[in-house]
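Kindly generate the complete structure, drawing on both the sequences and the hints.
The listed protein sequences derive, respectively, from chains B and F. Per our numbering, residue 52 is the first one in the first sequence, and the count goes up by one each step. Per our numbering, residue 6 is the first one in the second sequence, and the count goes up by one each step.
No wet-lab data here; the hints were simulated from the structure. For each residue, glycine too, the CB sits at the ideal point set by N, CA and C. Be aware that a few hints might be false.
Some chain F residues close to chain B (C-beta under 7 Å, calculated; not the full set) [claimed, not checked]: (1) 62; (2) 64; (3) 65; (4) 69; (5) 71; (6) 72; (7) 73; (8) 76; (9) 78; (10) 99; (11) 100; (12) 103.
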Amino acid sequence: MTDYTIEDLKGIARKLRRHVITMISTAGSGHPGGSLSAADIVTALYFHVMRHDPANPHWPDRDRFILSKGHAAPVLYAALAECGYFPMEWLTTLRKTGTCLQGHTDSRLTPGVDMSAGSLGQGLSVGIGMALAARLDNKDYRTYVLMGDGECQEGQIWEAAMFAPNNKLNNLTAIVDYNGLQLDGFTRQIMDLEPFVEKWRSFKWEVLQVDGHDMKQLVEALQKAAQVKDKPIVIVAKTIKGKGVSFMENNVDWHGKAPDKSQTEIALRELA
Amino acid sequence: MNDYAELTTREAFGKALTELGGQDGHIVVLDADLSRSTMTKYFAQAFPERFIQCGLAEQNMISIAAGLATCGKIPFASTFAVFASSRCFDQVRMCVAQPRTNVKVVSTHGGITVGEDGSSHQAIEDISLYCSLPNFSVVVPADSIETVEVIKAAAATEGPFYVRLGRSKTPVVYRSGCNFKLGKADVLREGRDATVIAIGIMVYKAMEAADSLEKSGISCRVLNMSSIKPIDRQAIDAAAVETGAIVTAEEHLLHGGLGSIVAQALAAGTQAPLASIGIKDTYCKSGKPEELLEANGLTAGDIVDAIKGVMARKRRQYNSNRTG
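In structure tokens, the structure reads:
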């Protein structure tokens, strides 16, 4: 927990978005759309809600975070760098030979990354393991898992969704970055997830719905999650893929493509 | 006499795990609705708070195990070998092999001796799949006594670990005890004329074959290669140099299993005629374990024939070298 105001947090989110654009542009490849849609959620977690210590990434009592949608790695790297887990200069090494910042998250290489990801649908289960460990060890840390909405088409998500409430895991918060788009198009056309909230409720989760770009709503929901005593909670955050860059917003073409030089300039200007 | 000798390998596993659980509170056990068959039920009874019932969800089970491991637990995840390998392979790759989490996958009902359940339940690809994963250790114990040592080694060795056990009772190889070392072959019997390198239930059959060959004056070395990965290249090389003819024997597909791995080692080191006994690119049928072994050429008699075959090739090579 920090003393940042909501306005401060909005500014940090904007900064993370600028990093995302610069990183992916420099790398020449990457996933801007899903990184930008998750920027406010990641900001709320790392700069306000989570208990963590950048000087001690393996602190046993830290809150855990799993970026299950591992392709949004740039936004997590940006947050970790801004927190001080590693030097800012690393950010421009994204995806390059010899870098500690792999295309998808790698817990063996990047300080502050609690678990590798990239093959979708697995993070919620990993988070369950961490939450179970906390319970076994009588520790009060919380585990946060950020998933994509397209990712929720994976069957394993629903195996995990069944497990967590049956084990009354009240120390687990799942967040869905519901931007409505996936690689091939709109989720409602590719494989409709609706009725989404009802699905989670019927699996016995506590569900909160927020605007995933409203920092106040996000912070309040994340704090409220810690007060649910008998079950896990999922926050369905309605977001816009590519949020903050006009030509990327809600445009499927920007799922996994780097902006060129002039596009980068425009994007950075819009995010200034 | 060892208390474990009369048990199946899975029963020995269940008991050994429970014993270890009493000594080390970090050990947690996960199962996917098969604890009464994998024998993790013993652990569940002794330490219910450290037993995690996952229901029929192997993918979830493996990723949960990985999450537990990142928090310092030593998770043992168990199910049948068919499910432990192919059902959750991506989870094993992504959450265990790549991040090198300290997860132990112990499968039971490996191979065709699962018998009557038929091909859907006969794991014949699992060793190949697990050996293909970087960072994994892969072990197939020869009997219940070695199983206990392997389980202890799995708990004590940091990193991903796969152990394959069987369903039926396995004849005892290690009556007078066993000293398992990861990465080391065990020379069960010395010999000059040929070597059988075997794993799992085929180790006992290799010993039977060596006994029978001895009667016709053939001296056959027997190596238990329970540690398939890392494999003991030195022992393979020594067998090639000192006996000059090699047969491998496994209850697994020839492709990607012990036979393939030994062939690779021989090709890179000292070369010797090699014959491999295993399942030949086919799925098997329902039937009694011994009948299935016979139908698929996995008997002591098949090993004897293979030994004679590689020895004949060795002689021919020797003769052609002399005349050439």
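**Message:** Under 7 Å is the threshold here; is the Cβ of residue 103 of chain F close enough to any Cβ of chain B for the hint to stand?
**Reply:** Holds - the Cβ of residue 103 of chain F comes within 7 Å of chain B, reaching about 5 Å at its closest.
**Message:** Is the interface hint satisfied for residue 62 of chain F? The criterion is a beta-carbon contact with chain B at less than 7 Å.
**Reply:** holds, 4 Å
**Closest C-beta approach of residue 78 of chain F to chain B relative to 7 Å, hint status** = For residue 78 of chain F, the interface hint holds, since the closest Cβ of chain B sits about 6 Å away, which is under 7 Å.
**Message:** Let's test the interface hint: is any C-beta of chain B closer than 7 Å to that of residue 72 of chain F?
**Reply:** holds, 2 Å
**Prompt:** Once the shortest beta carbon distance from residue 73 of chain F to chain B is found, is it less than 7 Å?
**Reply:** holds, 4 Å
**Prompt:** Against chain B, with CB atoms and a cut of 7 Å, does the hint on residue 65 of chain F hold up?
**Reply:** With Cβ-Cβ at 4 Å, under 7 Å, it holds.
**Prompt:** Does the interface hint hold: is residue 64 of chain F within less than 7 Å of chain B, judged Cβ to Cβ?
**Reply:** With Cβ-Cβ at 4 Å, under 7 Å, it holds.
**Prompt:** Regarding the hint that residue 71 of chain F lies at the interface with chain B, is the smallest CB-CB distance below 7 Å?
**Reply:** The hint holds - residue 71 of chain F has a Cβ within 7 Å of chain B, the shortest such distance being about 6 Å.
**Satisfaction of the residue 76 of chain F interface hint, Cβ to chain B closer than 7 Å** = This interface hint holds because 3 Å falls under the 7 Å limit.
**When the least beta-carbon distance from residue 100 of chain F to chain B is tested against 7 Å, hint result** = Since chain B brings a Cβ to about 6 Å from residue 100 of chain F, closer than 7 Å, the hint holds.
**Message:** Let's test the interface hint: is any C-beta of chain B closer than 7 Å to that of residue 99 of chain F?
**Reply:** holds, 4 Å
**Message:** Is the interface hint satisfied for residue 69 of chain F? The criterion is a beta-carbon contact with chain B at less than 7 Å.
**Reply:** holds, 4 Å
Every hint from the earlier list agrees with this structure, and none is contradicted.
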